[in-house]
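Visitor: In case you want the letters, here they are:
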Amino acid sequence: MRKNLNVIAAYSIMMVLIILVGIFQSWNIALSIFNMCLISAVMTMGANIQWGYAGLINFGIMGYTALGGLAAVLISVDPVQEAWSAGGFDILMCLWLIIALVLIISFILKNFQKSKVRTYAIAVLIISGILLIRFTAEPGIEAIEDINPAKTGFLGGFGLPIIFSWIVGAFFAGGLAFIVGKVALGLRADYLAIATLLISEIVIAIIKHEDWLTRGVKNVIGLKRPAPYEVDLQSTDWFINLVEKFNSGKLELISNLSDRQAALNQLVIEGSSVFVKLCYSGLFLTVVIILLILTQKALYSPWGRMMRAIRDNEEAANAMGKNVVKQHLLIFILGSAIVGIAGAMLVTQDGLFTPGSYRPMRYTFLIWVMVIVGGSGNNFGAILGGFAVWFLWIEAAPIALFLINFFTAGMSETHALKLHLIESVPYFRFLMMGLGLLLIMRYRPKGILPEKIEIK
Amino acid sequence: MDVLNALILLLNYIFIPALTYGSQLALGAIFVTLIYGILRFANFATGDMMSFGTMVTILFTWYFQSLGISLGVLPTALIAIPFGILFMIIYMLSIDKFVFKYYRVNKSPPVQLAMVSIGVMFVTQAVVRIIIGPSDQRFFDGEKFIIKAREFKEMTGLNEGLALKSTQVITVLVTIVLVSLLFWFLNKTKTGKSMKAYSDNEDLALLSGIDPKKIVMITWIIAGILATIGGALYGLDKSFKPFTYFNNMLPIFAAAIVGGIGNPFGAFLGGYVIAFSEIFLTYAYKKFFMYILPESMEPESLVQLLSTDYKFAVSFSILVIVLLYRPSGIFRGKVL
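Residue numbers (the working numbering), protein chains in the order written: chain A, 3 to 458; chain B, 60 to 395.
These are calculated hints, taken from the structure and not from any lab test.
Among the clues, some could well be false.
[Unchecked claim] Lysine-lysine pairs mimicking DSSO-like chemistry, simulated, CA-CA at most 27 Å apart:
#, chain 1, residue 1, chain 2, residue 2
1, B, Lys346, B, Lys212
2, B, Lys224, A, Lys220
3, B, Lys273, A, Lys210
4, A, Lys420, B, Lys300
5, A, Lys210, B, Lys297
6, A, Lys153, A, Lys116
7, B, Lys224, A, Lys210
8, B, Lys345, A, Lys448
9, B, Lys224, B, Lys247
10, B, Lys300, B, Lys203
11, A, Lys448, B, Lys247
12, B, Lys249, B, Lys160
13, B, Lys249, A, Lys220
14, B, Lys249, B, Lys156
15, B, Lys224, B, Lys297
16, A, Lys454, B, Lys166
17, A, Lys299, A, Lys324
18, A, Lys448, B, Lys370
19, B, Lys297, B, Lys370
20, B, Lys345, B, Lys207
21, A, Lys454, A, Lys328
22, A, Lys210, B, Lys207
23, B, Lys370, A, Lys184
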């Protein structure tokens, strides 16, 4: 108990902060911050597995997030039958072509000695394959995108409940991580960082521009929800009764009957959105707890010890007979899969898929700040980092506004500098992120909750 | 005649834009490569440092414009650049003193320095956005074109026009001068040679009496010059927007790695490799083929290898391929 005191203290402070937001701003805002904190926590856990357990840098987080989001769309949207009949055949042909291409290339790689001829043959194969795929796909893609472009214009999905997409998203992201890992894991740390960042840019470019699959920048809106809709709740009896019971004290003060009804209606509308957010919180919290238990178990298992050994001294671990390359690939896939889950959760919460909003350059580094600030190698630290950094990211503007008003209190209201500063309040969040990261790196390089290794 | 038209078309839409863009990338890539070669970390604050230098240049340009100073046909920004460089160098040296020095002295692993540079990136972003705001700024003045498309058509009687912007010429000329000066400095002067030695083998360099403090300072000064000029030229040619500069970090990194990170000459060429391949692969060649092929063989489609949406993806794919087959870059990297 004693040694966990700092963990408990840190989490209590975080909870108090969120509750304070609930009291002073609104419960709606507090809950949406809390939900986003939970999603960030899942992402951070994914990144932490790779960086904290194995020392692998993965700057491709946004790519996996976007793939998770794509999974949410493909699983939950109803299939567009006309699109399938118009262009489905061409697309399926393409899929077969891609599989055939991969098989041929792997056959060549396996059965021929490395030589210049082999390299050129593979290059020629890939280029001609891409051209062939483009020619086969083009009529199909055009046909699909022509079908009701304002509403569909894409193939649609499988029409299953969106919750399944959390698992599928993990598989998508894991699959991509397998390819990326095979290609890039041999690189030195900083090359790996840049390569993964660039690969995630490529993935997002594809998702953004292949309209037949994702509707691209036209966005997919109105995804199914695992939680009830606010409008339905507002007309359900048990919910209205619940709100009435909850606020009975407040309502009884209003003597006028019609006023009381109006107040109740207002409360029901507010309550419904809080209730929906609570449903999401419950779902997300379940995911976080399950992941936390699994990752904690893994960390203290023989496998976790092996990963730390590989991280701390690759050559020694190799000499002890551990397959470093294989373990790196495995952990790269696992971590990315967790990030994929977070991506699917994000889209589930928003109810829409907007490929344009995945900006690797912006959010990748934010997630990394979370991992470093929270404490790499410590799952509790990673989750705390997700909470603290996201909280700061959202609440930075009000804090900065308060500070500016405080320090410029002596200036007149129309002073140019004051006005300029108040106008640029949103950008103080970057300053806080940067300073926070620099200070932590300098004075507490292991993060708020450092990694603890118990050797028995 | 048709062949000439086709050539002018390529010159106008591929060659000149790619040369300009390549020069801008090349300056940034040399900046990245110098930091990597001598200070030994991947500087993720590259794009934002460039935007900082450009921002100071813009502020001075505005100041000069308000004083009524101008260079006539040339953009006023050219006189503002030295001031931008000065502030940039001061900013970089103070960052080095307060942030990077600690890790360098402690011999932290390069990954940690890269992470620290992310912190610097965030801070610089905030500073730039708080001072000048996140929106688009244009600060070009003076004569815009050297050759206008219509004048060219009238002059030569060709169907295709050739437009040559003054910023394009300035960019290429300044890059040539700056890069030749830099290579002269690195290869011929004593300080340059000691920088190479330091990059090649730190311990040996220290043993032979090279002062590491001086090397680091000179590296930051050169980096400041490159970053400010590269950023200002990009801003003159296109426009200044902090987020664009931040994003430009990716092609710049790609150029530096393709050329062999740590190798300035490689980075210089890498900039052009990235720029040319981006534009070559995403240009629609329909009109070109209409000129050179007989009418019966004219293509119906756009004859575009990849849609322009994938412009960024092209350079990144090149990078991935290079990393796979020649991780040290096209020109062997890691030696200054």
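Visitor: If a hint holds in the structure, say so; if it does not, say that too.
Guide: Hints, verified against the model:
1. B:Lys346 / B:Lys212: Holds, at about 17 Å.
2. B:Lys224 / A:Lys220: Given that 27 Å is the threshold and the Cα spacing comes to 35 Å, the pair is violated.
3. B:Lys273 / A:Lys210: It is violated: about 47 Å lies between the C-alpha atoms, which goes past 27 Å.
4. A:Lys420 / B:Lys300: Holds. Lys420 of chain A to Lys300 of chain B sits at ~23 Å (cutoff 27 Å).
5. A:Lys210 / B:Lys297: holds (24 Å)
6. A:Lys153 / A:Lys116: violated (50 Å)
7. B:Lys224 / A:Lys210: violated (32 Å)
8. B:Lys345 / A:Lys448: Not satisfied, since the Cα-Cα distance of roughly 57 Å exceeds 27 Å.
9. B:Lys224 / B:Lys247: Measuring from Cα to Cα gives roughly 35 Å; hence the hint is violated.
10. B:Lys300 / B:Lys203: This hinted pair holds, its Cα atoms lying about 20 Å apart.
11. A:Lys448 / B:Lys247: violated (44 Å)
12. B:Lys249 / B:Lys160: With Cα atoms ~24 Å apart, Lys249 of chain B and Lys160 of chain B stay inside 27 Å; holds.
13. B:Lys249 / A:Lys220: Status violated; Cα separation ~59 Å.
14. B:Lys249 / B:Lys156: Between Lys249 of chain B and Lys156 of chain B the Cα gap is close to 25 Å, so the pair holds against 27 Å.
15. B:Lys224 / B:Lys297: holds (11 Å)
16. A:Lys454 / B:Lys166: Within the cut-off at roughly 24 Å; holds.
17. A:Lys299 / A:Lys324: holds (20 Å)
18. A:Lys448 / B:Lys370: violated (39 Å)
19. B:Lys297 / B:Lys370: holds (17 Å)
20. B:Lys345 / B:Lys207: The hint holds at about 23 Å.
21. A:Lys454 / A:Lys328: holds (26 Å)
22. A:Lys210 / B:Lys207: violated (36 Å)
23. B:Lys370 / A:Lys184: holds (25 Å)
In terms of the numbered hints stated before, the structure departs from hints 2, 3, 6, 7, 8, 9, 11, 13, 18, 22, listed from lowest to highest.
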